[in-house]
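This is what each chain is made of:
Number of protein chains: 2
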Amino acid sequence: MKFQFSKSLDGFSSSAVRDILKLTQGKSIISFAGGLPAEELFPLDAVSEAFQRVMAQGKSALQYGLTEGYIPLRQSIANWMGEKGIQVSIDQMLLTTGSQQAIDLLTRIYIDPGDVILVEEPTYLAAIQVFQSRGAKIVSVSGDKDGLDPDDLKAKINEHHPKMIYVIPTFSNPTGKVWSLERRQSVLNICREAEVLILEDDPYGEIKFGDTETYPSIFALSGQAEGSCVVYTSTFSKTVAPALRTGWVVGDPELIRNMSRMKQAADLHSSTLDQQTLHQLMEHFDLNQHIRTIRAHYEERMRLMADLLTERNWPGVTWIEPKGGMFFWVELPEGIRAEELLPKAVEQGVAFVPGYPFYAGNAKHNTMRLNYTHSDRESLIEGMNRLDRAIQSVLPVR
Amino acid sequence: MKFQFSKSLDGFSSSAVRDILKLTQGKSIISFAGGLPAEELFPLDAVSEAFQRVMAQGKSALQYGLTEGYIPLRQSIANWMGEKGIQVSIDQMLLTTGSQQAIDLLTRIYIDPGDVILVEEPTYLAAIQVFQSRGAKIVSVSGDKDGLDPDDLKAKINEHHPKMIYVIPTFSNPTGKVWSLERRQSVLNICREAEVLILEDDPYGEIKFGDTETYPSIFALSGQAEGSCVVYTSTFSKTVAPALRTGWVVGDPELIRNMSRMKQAADLHSSTLDQQTLHQLMEHFDLNQHIRTIRAHYEERMRLMADLLTERNWPGVTWIEPKGGMFFWVELPEGIRAEELLPKAVEQGVAFVPGYPFYAGNAKHNTMRLNYTHSDRESLIEGMNRLDRAIQSVLPVR
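Each protein sequence line maps, in turn, to chains U and B. Under my numbering, think of the first position of the first sequence as 6, with each following residue one higher. Under my numbering, think of the first position of the second sequence as 6, with each following residue one higher.
If we strip away everything but chain U, and leave its shape as in the complex, we get (with noise of 0.2 Å):
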């Protein structure tokens, strides 16, 4: 049989990412790859009891549900958001499998193939993925660390006419910046006068560390769901555990319509056992405390990469320091590759992620990302040590 594939898989590359987690599973390898919460700080009690009193409620637990996703769950991040300031009805609200489904399903009812979608420089890699995989035209526009530059954004607007743009504005991966409220504003400002969706990727605003100032989400700026040319997502697996799959999109009733309708047509419904789950845990577990257990533990995490960067001070490698979320990004001195690095730091029994793929375009192959939340004191110490005898062996003799 030969296979006559799909057009879709053209330039379509595997996630990088997805990748290494796989190469490195089961085996003695550091790894800063993946976006992989620490394990020792999962609810698994909190879940445990929370799926138990689901199981209390009797068989129609285990029944289909709604498309939309459970009413209750709804309801209560609903409740949660609004005490963030974000106010939505349950109607305003589809539940997903994870934010990347989000991602996935407004691309797949807005999205025709040559249409124009904007995105940082850099941005999360998976994003681009299903950019791709619908035959989309990916434009990067530049920024700073307060954000987007809102001048290349209207210049790249009159340019290419997009139909939307997709932003991390809040501890964004891979860079872990925070727009100002100002870049905030004015972006929102510019594309709701040029007709372009917002798309607001928001799974690590919960993750900030210290006196980090938070600005309202773009989608709070914007006032209401109805008519806002903005739409958000965010997601349980980096508060609660990833294997919930539980992510949900608000925006627009037509846009949430739709992204429903198509939803059916590509899985019916998300895992309703575990959307009934994480409802008894919202509902019977301090969230807001368990986040701010999370939050403390990452810093602490954050704060010794810093360190151990600090000290090694590789000549000509630059970082900032992230002000929450889950990543350092480095950039190394200009000509080294860092997927050329990345064998050698297999070698060393370290892994990261390359820079490359988080871009669309014009990829700055001397950068990579640095996972800090998944491994512990012990490991980001000896990943480090593993790290330096890696990058000590391509840079440059001083």
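Since the hints were derived computationally from the structure, they do not count as laboratory data. Errors might be hidden in some of the hints.
Same chains, same names: a pair is fine if it fits in one copy or spans any two.
[Claimed, not checked] Dumping the calculated SDA-like pairs for lysine to any residue here, alpha-carbon to alpha-carbon at most 20 Å: (1) K12 / D120; (2) K150 / T217; (3) K64 / R300; (4) K159 / E200; (5) K89 / T298; (6) K7 / A199; (7) K7 / E383; (8) K142 / F8; (9) K64 / D291; (10) K64 / D216; (11) K64 / Q137; (12) K89 / E345; (13) K64 / S53; (14) K7 / R262; (15) K7 / R197; (16) K7 / Q229; (17) K349 / P320; (18) K12 / Q137; (19) K142 / G354.
Start from chain U and add chain B according to the hints.
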């Protein structure tokens, strides 16, 4: 904000079944509409015990998993299929969010807009939905009680040069028919010769009644997965419970690899909490015995509905007794449109699915699908009384 939706939404209708499900949720309507299993048969204790075994393994159970799915569950499924004469390895299998996602992923990697997909007439409406969302041209092949008509299949292949054919050869949805061994073999031969991919959907294969003869799947007839022109998908939704949303798809490793890449973009992976729970359930619960229990109950319900249909003896109304699966397919007299009967039925307090959405074109509007698995004895009797009142009101006066 004026939204500019993708062409993928053109001519793409919401699932009639799921819309009815939504309409009737929480109301005192007896529903013969959804393809819902009987809740009272769900193995709640076994699921609960399996979940506790997963929790006992520790916190890593809550971490991200492989896109391809939890390896031990893939192994359990491979063993289970092996007992039924289907030899596959775990590299030839992908776990999905229900078998619905398998249909969607294969379509996304194999079909481009304008490509032709052949289907049975009638066929599963949510598969039609997937194919429509991809912009495929859907062409029906005629058949009889023994399955697809090989001559019409050859003619349609010659005329339309399809890339794929979608079939449910065992207890089909909606008609409940079982293809003969001869038809299975001849469809396989024709498609293999013409290099047309066969997507064999088998959600109901285990739900067989009495001494119904069953035949090997087309996938099994094709020999081995490597190089096979058949992709086979099934699910735990009908044998264990739908809320765990776990299906699987097997086929040539190149197809499975590409489906996995697409799944990375679609949702990274399905719920591994559910996958781990199902693995523990398969290891510590007699699933085959449970399936025998389900069969006995469903056969009893099917028989009751058959008796009630016989008793009513509505003039000009025909149906065939299903040999397995979950549905009666009923033909009303010419000129009666089931979609116009539906509101009258809902008024009387009973729901069903009109037949038209099961057709890719040229719909027979005088058809409807009745589910018998979700209603107990009392509801079946009362539901048929209500349906009788609705039908009497539209039947020509004798």
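Going through the hints against the structure:
In the homo-oligomer, the alpha carbons of K12 and D120 lie at most 20 Å apart both inside one protomer (16 Å) and across protomers (11 Å), since each shortest distance falls under that limit. For the homomeric pair K150 and T217, the shortest alpha-carbon distance inside one copy (14 Å) is at most 20 Å, but the shortest distance between copies (69 Å) is not. Proximity of K64 to R300 under the C-alpha cut-off of 20 Å is restricted to the inter-copy arrangement: shortest distance 19 Å between copies versus 37 Å within a copy. In this homomeric assembly, K159 and E200 come within 20 Å of each other (Cα to Cα) only inside a single copy, at 12 Å, whereas the closest approach across copies is 49 Å.
For a Cα distance limit of 20 Å, the shortest separation of K89 from T298 inside one copy, 18 Å, qualifies, whereas the shortest one across copies, 50 Å, does not. For the identical chains of this complex, K7 and A199 are inter-copy neighbours only, at 10 Å across copies versus 46 Å inside a copy, given an alpha-carbon limit of 20 Å. In this assembly of identical chains, K7 and E383 lie within 20 Å of each other by CA distance neither inside one copy nor across copies; the values are 51 Å within and 53 Å between. In this assembly of identical chains, the alpha carbons of K142 and F8 lie at most 20 Å apart only when taken from different copies (19 Å versus 26 Å within one copy).
Proximity of K64 and D291 under a CA criterion of 20 Å is satisfied inter-copy only: 19 Å between copies versus 27 Å inside one chain copy. Within a single copy, K64 and D216 get their C-alpha atoms no closer than 46 Å, and across copies no closer than 30 Å, so neither meets the 20 Å cut-off. When the C-alpha separation of K64 and Q137 is checked against a cutoff of 20 Å, the pair qualifies neither within a copy, at 42 Å, nor between copies, at 35 Å. In the homo-oligomer, the alpha carbons of K89 and E345 never lie at most 20 Å apart, since the shortest distance is 43 Å inside one protomer and 47 Å across protomers.
Taking identical chains as interchangeable, the C-alpha atoms of K64 and S53 lie at most 20 Å apart whether they share a chain (17 Å) or sit on different chains (11 Å). Within a single copy, K7 and R262 get their C-alpha atoms only as close as 39 Å, which misses the 20 Å cut-off; across copies the closest is 15 Å, which meets it. Taking the shortest alpha-carbon separations for K7 and R197, only the inter-copy value of 10 Å comes in at or below 20 Å, while the best intra-copy value is 48 Å. In the homo-oligomer, the alpha carbons of K7 and Q229 lie at most 20 Å apart only across protomers (15 Å), although the nearest pairing inside one protomer, at 51 Å, exceeds that limit.
Only within a single protomer do K349 and P320 lie at most 20 Å apart by alpha-carbon distance; the minimum there is 19 Å, versus 79 Å between protomers. Taking the shortest Cα distances, K12 and Q137 sit within 20 Å of each other both inside one copy (10 Å) and across copies (17 Å). Taking identical chains as interchangeable, the C-alpha atoms of K142 and G354 are never at most 20 Å apart, the minima being 37 Å within one chain and 51 Å between chains.
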